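Produce the entire structure from the sequences given, and follow the hints as far as they go.
Sequence order for the protein chains is C and L. The first sequence finishes on residue 647 if you use my numbering, and the numbering steps up by one all the way, no holes. The second sequence finishes on residue 647 if you use my numbering, and the numbering steps up by one all the way, no holes.
Treat the hints as calculated values from the structure; they're not laboratory data. Please note that a few of the clues may not be correct.
Interface residues of chain C toward chain L, partial, derived using beta-carbon atoms under 10 Å [stated by the list, open to error]:
| # | residue |
| --- | --- |
| 1 | Asn328 |
| 2 | Tyr329 |
| 3 | Arg541 |
| 4 | Ala548 |
| 5 | Val600 |
| 6 | Asn615 |
| 7 | Glu638 |
| 8 | Glu645 |
All values reported here derive from a predicted model rather than from experimental measurement. The C-beta atom is built at its ideal place from N, Cα and C for all residues, glycine as well.
Number of protein chains: 2
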Amino acid sequence: MDKLALIPLNNIAITDAFWNKYVELVKDSIIPYQWDILNDKHEGVRMSHCINNFKIAAGRISGEFNGVIFVDSDLMKWIEAVAFSLTTHPDKELEKTVDDVIDLIGEAQLDDGYLNTYYIINGLEKRFSNLRDGHELYCAGHLMEAAVAYYKATGKDKLLHIAQRFADLICDEFSEEKNSKGYPGHQEVEIGLIKLYEVTGQTRYLKQAKLFIDRRGEEPNYFAEEMKGQRFKQLFDEFSDYDPIYSQAHLPVRKQTTAEGHAVRAVYMYCAMADIAAMYDDAELLNACERLWNNIAYQRMYITGSIGSSGILERFTTDYDLPNNCNYSETCASIGLALFSRRMAQITGESKYYDVVERALYNTVLAGIAMDGKSFFYVNPLEVWPDNCIPRTSKEHVKPVRQKWFGVACCPPNIARTLASLGEYIYMNKGNNIWVNLFISNKTHIDVNGQRVNIDVQTNFPYDGYIRIALDCEKALAGKLYIRIPDYVKKYKLHIDGKILDDINVEKGYCILELDFANKVIELEYDLQPCFVRANPNVREDIGKVAVMKGPLVYCMEEVDNEPNLPAYFVNSSLPLYEYYDANLLGGTTVIKCDGKKVKQDKWNEDTLYSEKNIEYEDKTLTLIPYPYWGNRKHGEMLVWIKEYM
Amino acid sequence: MDKLALIPLNNIAITDAFWNKYVELVKDSIIPYQWDILNDKHEGVRMSHCINNFKIAAGRISGEFNGVIFVDSDLMKWIEAVAFSLTTHPDKELEKTVDDVIDLIGEAQLDDGYLNTYYIINGLEKRFSNLRDGHELYCAGHLMEAAVAYYKATGKDKLLHIAQRFADLICDEFSEEKNSKGYPGHQEVEIGLIKLYEVTGQTRYLKQAKLFIDRRGEEPNYFAEEMKGQRFKQLFDEFSDYDPIYSQAHLPVRKQTTAEGHAVRAVYMYCAMADIAAMYDDAELLNACERLWNNIAYQRMYITGSIGSSGILERFTTDYDLPNNCNYSETCASIGLALFSRRMAQITGESKYYDVVERALYNTVLAGIAMDGKSFFYVNPLEVWPDNCIPRTSKEHVKPVRQKWFGVACCPPNIARTLASLGEYIYMNKGNNIWVNLFISNKTHIDVNGQRVNIDVQTNFPYDGYIRIALDCEKALAGKLYIRIPDYVKKYKLHIDGKILDDINVEKGYCILELDFANKVIELEYDLQPCFVRANPNVREDIGKVAVMKGPLVYCMEEVDNEPNLPAYFVNSSLPLYEYYDANLLGGTTVIKCDGKKVKQDKWNEDTLYSEKNIEYEDKTLTLIPYPYWGNRKHGEMLVWIKEYM
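This is the structure we're talking about:
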């Protein structure tokens, strides 16, 4: 299958008011902050030990391995983020820092290509003996992704060679010839190998990725066999009753019909499945991807584009089980869902996949990071009452305040690399055709059959539905422009060079404009009036409730703008919502208000827990702000799904 | 303080339609069934290993200890249940079985009095080295309770002597003289020691119980110190980050103001605190009991009389945090709450304590056992959707179907001993005064100042509010009869010998009748119309919802009587409830119906998870049955708190 191509990051300059405050954060704050953390230079923040482990593995210092078993990957995601950032914001000093740490990584690598500080420090006799929990292949995948990104950004191939040497070892170790049946407990190396193949052209990497995918879930189950081995050692207490469904190894991937197990593992695997389906023209595999994507998007995804309903094992549970105050909804899982959905869009050209990309990016991914870039949510609840998020209880995993760093710190660098590569999400291209997926102000040039097409998008989306797309190229160039009509846009107008277009050709959720790219101005007016949204009544948790959305943005109530006890509010959804832009709030945002009532609490004494008495209400105005911005002011309650009058 | 006395069990014969089906179950089904389980004679049921461990400890057979560390206590609770049952239903064969097992227990006991099969089999050098998790004192407490009950029932003192020998060892080992600072990780021995004191008159037992209570939570914390010891060994993985609040050892008990930690431990401790407060006239301790009881009853208790909001660590969380579908609400915790509340009623004579006793007994305790006596709930949710009670998820602890036995099998024998001792909950007595607390048909005789007063209560409570109390004694005897007016009774009539009483003297929630006990008939008519009940709006989970109650009985919807997706029902609470008795349903019960609506689900497609469309409703009748009877027919969803129209 011929995928639609992404546009190289260095062709794209984001000029967007909504996004730039985050993209700037990456280089100004997140990258230096995370570098300090990787080096254990932040007091009062949980120690990472990451660089220290590399120094020990490289023999520069002596000491013991510390930190989580997969802490190497934090450095790799950081390098990937830096690479993306350097593409658009060159920085010689930062590049020098990366070059130095690449030297360190190279020193830590063994002669045979093996590279994992946990096993190098703790004993190589155990390497590859516990693929289920060992995370060596997971870290390897992130190494490969980082290496590819850094090579593309700088042309420097030292890290690429390090990654290739490790990839070669992996391809040897897990080859069919060696009769290995192994595959990773945490998927990621498949993505890395595919990217390595795309850059190097070495098909053995692609084949190895496919092997890992094809083997997964075959009988006899590899993880069950592995546990019987002499060399196997349990690494995590919580896996004493391991079920292969946790890592999507319960069935061959082509036979899987529902999204199961650990959500991040699942979506990382689906990414690789989609890539391989396209590259091998594997209709059965693509079909599995579509089925799994549909199951997520239509039965197992929060309105905020997050996934993973259970705090225990960070996993999918069952269709329509979407509790709001004890969900996991890991930031990384939404990143993975966006990556999977983007691949599906590239393969199919269907806009529904970008509806999910956009939902995940605008809500959960952004909620994962504070507006100062220095604290993070790993778990993204839709309802928070800080009082009951008590350690050692069922809601212990829900943090009402963003944390500075985590023992398992996958999310912060993952957010950084996502924001730094935001440009890659905007366009797709094939032949003379260009797809516009997201509405983010930017200046971009795309090479269309040897000609350079310049695109200049200007918009205040998502606060305003007006989008101006200016196209230009040196000489006349006929092509098609596909502009995504998001699922939430019910009404829109389209002008070309000032003239309204009456008859709009829409296919697969994109309006298609056949035009000459030279000196063309397209103006879109999307109706982004805020609206009430309801969940399918099979979602038991949301019955009788509404959420408020404006375009892709989910809104929420925060205690700081309202009164305590947010679940005591009832909104009158038959009255209009009203909105206003507040330039001084949260870096400038649109606030939404609506009319409703709240239970009168003063009618209830402290010594009355249950009573036959009636509930009394008082009229109240409800104030909502965008979900991604919650928790950036005074801490307190937060609520997405609000009760409505019947 | 002079407590109101309980009436000995052998004075009381229960003749009640509602309760007798359960009381009969104890002797006919539960006692023999549990005996078989203790002997590992049930196929397909999790092995108990209990009797086997005693045989190994006694040297009758060889082998290894198996089962949970505190499995000895299952036998002790079973003996206690048998003792209560023998009081009212003599059974020579059963008594012989108990005598034989007492011989076995005696053989297992060491010369110095020590008795715990786990440590006897696994190595005595560790005994008393981990009071936090070792459960030796917990098992000892249940031994003492069983011994006292069996002695009272049969006059046989062999088990009593066994218990005393162990109690003497405990008093030596944990005496002030020995400078021991220890106290149990799981409270229970305090109750046992107090009962042993009451029967033997040996004050050292009472003093030791008081010592355990007084020491608890003092600095330096005993459990923290214990962990530093050479002999300490971690017994449970989940306690690697132990917090003393888990076992109410975070503060001295007199300074505790909120119910914290593991719910069963808490209420067992409060029982002992209440006993000691009364016996030592310790106003400060009684004050602590009142404060803790108020905190439970007015901020931390479910409408079903259950406690423990968190599935993790089976613990209290925070005020008004009462989630309905992921709570713990252990059956044993409600039993403990009833025992604590009964003690408070004995001390204070206030009926509010019996409101909680009744709530717990009629709802959670009964829900804990199937109507055939052969399966049990450990966890008692108020809302169940079986589809999402998936292993290895946040709702894993919620079982939508009663289980035959448990690895940790505290609840089944605890229910058995509670049902077998139900008679003890009905009356209290002091001087010439008699208190009637619960409305259960029974024939009882009470010795009032040397005279025998016969009481015959006849009622169909809780299905009918008519209660006939016939009193008689040989010659005229002036006294007061205190009849509890439950908190849910808003209207009532009272007749004495057929004449209505207009001016009723009510104090502390009891109406007080000064009368001659000879040949007197009192007739009560309590209004037990079913009604809608609401929770204090601080209970976020229950806002916008009502529960249906009839007298002390909480009602619930089950899928078998309604349609799937119970949370999609909305009840019209402005319309009357209607009820009817169905003799063929669930052994005969009153069904309640009400009018309402249900969301029309067919308006939503499988591929629509979120949408702006309106919700449509259709009129529906809701059918409810008593909460204790749920899960006795076809399995499916269950719901207590129902949404109401605004």
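Checked hints:
Hint on Asn328(C) holds. Least Cβ distance to chain L is approximately 9 Å, under the 10 Å limit. Here the hint on Tyr329(C) is kept, as its CB sits about 9 Å from the closest CB of chain L, short of 10 Å. Using the Cβ-Cβ criterion of 10 Å, the hint placing Arg541(C) at the interface with chain L is satisfied: the shortest such distance is roughly 4 Å. A distance limit of 10 Å between C-beta atoms decides the matter here; for Ala548(C) the minimum to chain L is near 8 Å, and the interface restraint holds.
Annotation: interface hint on Val600(C) holds; nearest CB of chain L at approximately 4 Å, less than 10 Å. For Asn615(C), the interface hint holds, the least distance from its beta-carbon to any beta-carbon of chain L being 8 Å, beneath 10 Å. With a least beta-carbon distance of about 9 Å to chain L, the hint placing Glu638(C) at the interface is held under the 10 Å criterion. Evaluation of the Glu645(C) hint against chain L yields a held restraint, the C-beta minimum of about 9 Å falling below 10 Å.
In this structure, every one of the numbered hints holds.
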